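**Q** Protein chains in written order, with full-length UniProt numbering: chain A, 1 to 262; chain B, 1 to 372.
Hints may be right or wrong, so weigh each one.
What the hints assert, rightly or not - Below, computed lysine-lysine pairings styled on DSSO-like, alpha-carbon distance capped at 27 Å:
1) B:K55 x A:K38
2) A:K260 x A:K76
3) B:K55 x A:K222
4) A:K33 x B:K111
5) B:K81 x A:K38
6) B:K81 x B:K112
7) A:K38 x B:K136
8) B:K111 x B:K136
9) A:K33 x B:K136
10) B:K111 x A:K260
11) B:K111 x B:K81
12) A:K33 x B:K81
13) B:K81 x B:K113
14) B:K55 x A:K33
15) B:K113 x B:K136
16) B:K111 x A:K38
17) B:K55 x A:K225
18) B:K113 x A:K33
19) B:K81 x B:K55
20) B:K136 x B:K112
As the list claims (entries may be wrong) - Chain A stretches covered by chain B per the calculated footprint, using a threshold of three residues with CB under 8 Å from any CB of chain B:
21) 46-55
22) 157-165
None of these hints come from the bench; they were simulated from the model.
In this text the structure is predicted, and so the values were computed from the model without any measurement.
Glycine included, each C-beta is placed from N, C-alpha and C at the ideal position.
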Amino acid sequence: MSVRESTFPGVGALRQTGRLFALAASVVRLTFKRPFQKREFVEQFWFIASVTILPTALVSIPFGAVIALQVGSLTKQLGAQSFTGGASVLAVIQQASPLIVALLISGAGGSAICADIGSRTIREEMDAMEVMGVSPVQRLIVPRVLAAMLVAVLLNGLVSVVGVLGGYFFNVIMQGGTPGAYLASFSALAQLPDLYISELKALIFGFIAGVVAAYRGLNPGKGPKGVGDAVNQSVVITFLLLFFVNLVLTAIYLQIVPAKGS
Amino acid sequence: MGIEVAVEGLSMSFGRQTVWEDVSLTLPAGEVSVMLGPSGTGKTVFLKSLIGLLKPERGRVMVNGVDMVHASERRLYETRKLFGLMFQDGALFGSMSLFDNIAFPLREHTKKKESEIGRIVLEKLEMVGLAGAETKLPGEISGGMRKRAGLARALVLDPQIILCDEPDSGLDPVRTAYISQLLIDLNAQIDATMLIVTHNIDIAATVPDNIGMLFRRNLVTFGPREVLLTSEEPVVAQFLSGSRAGPIGMSEEKDAATMALEQLQELERTGGEAEGEAVRSIAPQLEPTPGLPPRAAVQRRRERVRSILPGLPPPARQAILAGFTEAGPVRAGSGAGPTAVGLGAYAPEGPGADPELPPLPRRRSSGEGGRS
């Protein structure tokens, strides 16, 4: 807006990134500011949960099955069938589950948040709120981000359970694996920190999805088309960010937490 | 009493495009001011800058000792509670009913009980003529109703400063007249500083104490209403008469060549006879509805204007003095005159009178005193 802003290639992207981080910081700061918007939080939690639960469950069954089938056939080739259970469960809990959550929370939850906030912004509702001395970030964004985080964590649990059950079903019933070997290898290879990192990932993914959706919603282009574009961009940006963050978190986890039995 | 808003050297631009620059003016406390200007001269931007929604590049806006341009977020939010802003299209929350919309500031900023909130909300709804529409959603009512609901929401916290963005757009002439009267009545009741942004000449001529005009990225003038209404400035004269002849063009402004051509044509048509010689008559300012207390701002303004009188252009000076003598016997006659009139108008009203008038508590308490 100001004349003094310098221009060089890529400055726009840098500026956007900076504002995104500024919003994330103020979300964190205002989370602890009273009064907390309980009602908005519960409503948003319920809303995000209702748009994500069913798709998540439906996606996670085939996902668990695919991994079970793939790992099953691979271990058969290697002659390590007894480890099928452990391998597929680890893959589901550590990778598949958070990624499914990431896809759903940004695709279903984030897009809904972005569209809602965006249409309110172009109708000047945000301005009206600021004029009345109410911070839109505290009043609207914080409850949404927190709701997205909580839904992500719970969804992650759902996906883990459904995915593992699906994997078990396909391995034991379809591929003729033995239930005992499946469970035994599970406890031989998996450990509790695997579950922790999975939930931590989901928590962070929920935060990122909520903040990005809110950021794009608060800064839409002109008019209704601008809101549509903002929703589109918010989903794409969140996908890219989440997959990258997943890579970083996985790398760090594998470095600092020794695998069981090693 | 309202709060003074002092604007000093404010300049605003979007990218390379300057909206306006070096705007300095003072909205006197408790008085009603109007900002005129052709469409697209940044009137709304000016309004939003006053309240800190937009950040001008240079200059200050001082409200209650807080600079709305550079203040920290916390002080900004604190100071904004003194404001009531009526947006151009209401800016109501689409997901809430009118009742919840108007109750929103009360629920956010006060600890009032729900029953009391309901009473205040219904009172404000009735004030803007929307009684009975409280369960409707903003999408279900007309633009004019949304605008009035927006005004009710702006008023609900009893603001010290009221900003109205085009209160007349989308309203029919009758409703515009009602809104004008409503604004004056409000000023009489709560003595708030008011700024109305509009391009409606009727409002500009009858409502305000002070008028300013934005044109060509500058503040053409700001001062007592008589100054602008008698001004010979071509822009002002053209705007007030609503004619095509003058510096204001269809897009934004005419270039010099077009203007010279037009002047030549005008000269040929009128045969060199200068027009607009007759002093434009000034419409009298609206008075509060009988029964309301007189506007405290009138007396204050009179003293203020008297002190700056020698510096004003002669036509304005004449008009102001004429206004003084006209109103003299009734209004200037110290405190006794207006008070007597006000009380006289009240006396015949029984208990069941309009409940939104502020003197009600006083009457009620005296009634109780009588009974006990």
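**Q** Compare the structure with each hint and give your call.
**A** Quick rundown of the hints versus the structure:
Using a Cα cut-off of 27 Å, the hinted pair K55 of chain B and K38 of chain A is violated, with the two alpha carbons roughly 32 Å apart. Restraint check for K260 of chain A and K76 of chain A: satisfied, since their Cα atoms lie roughly 22 Å apart, inside the 27 Å limit. Taken as a hint, the K55 of chain B and K222 of chain A pair is honoured in the structure, with Cα atoms around 19 Å apart against an allowance of 27 Å. This hinted pair checks out: K33 of chain A and K111 of chain B have alpha carbons roughly 18 Å apart, not beyond 27 Å.
This hinted pair checks out: K81 of chain B and K38 of chain A have alpha carbons roughly 23 Å apart, not beyond 27 Å. Distance check on the hinted pair: K81 of chain B and K112 of chain B sit about 16 Å apart at the alpha-carbon level, within 27 Å; holds. Annotation: proposed proximity of K38 of chain A to K136 of chain B holds, straight-line Cα distance about 25 Å (limit 27 Å). In summary, the hint linking K111 of chain B to K136 of chain B is supported, as the alpha carbons are separated by about 25 Å, within the 27 Å threshold.
Straight-line distance between C-alpha atoms of K33 of chain A and K136 of chain B comes to about 33 Å, which puts the hinted pair past the 27 Å bound. A hinted pair counts as satisfied when its Cα atoms are at most 27 Å apart, and K111 of chain B with K260 of chain A does not qualify at roughly 57 Å. At most 27 Å may separate the alpha-carbon atoms for a hinted pair to count; K111 of chain B and K81 of chain B meet this at roughly 15 Å. Pair hint K33 of chain A plus K81 of chain B holds up; C-alpha atoms about 18 Å apart against a cutoff of 27 Å.
For the hint linking K81 of chain B to K113 of chain B, the alpha-carbon distance of about 20 Å falls within 27 Å, and the restraint holds. Restraint check for K55 of chain B and K33 of chain A: satisfied, since their Cα atoms lie roughly 25 Å apart, inside the 27 Å limit. Taking the CA atoms of K113 of chain B and K136 of chain B, the gap is near 23 Å; set against the 27 Å cutoff, the hint holds. Taking the CA atoms of K111 of chain B and K38 of chain A, the gap is about 17 Å. The hint holds against a cut of 27 Å.
Restraint check: the Cα-Cα separation between K55 of chain B and K225 of chain A comes to about 26 Å, which is no more than 27 Å; the hinted pair holds. At most 27 Å may separate the alpha-carbon atoms for a hinted pair to count; K113 of chain B and K33 of chain A meet this at roughly 23 Å. Distance check on the hinted pair: K81 of chain B and K55 of chain B sit about 18 Å apart at the alpha-carbon level, within 27 Å; holds. The suggested pairing of K136 of chain B with K112 of chain B holds, with an alpha-carbon distance near 23 Å, which does not exceed 27 Å.
With 0 residues carrying a beta carbon less than 8 Å from a beta carbon of chain B, the region 46-55 of chain A misses the three-residue requirement, and the given coverage is violated. With 0 residues bearing a CB less than 8 Å from a CB of chain B, the region 157-165 of chain A misses the requirement of three and the coverage assertion fails.
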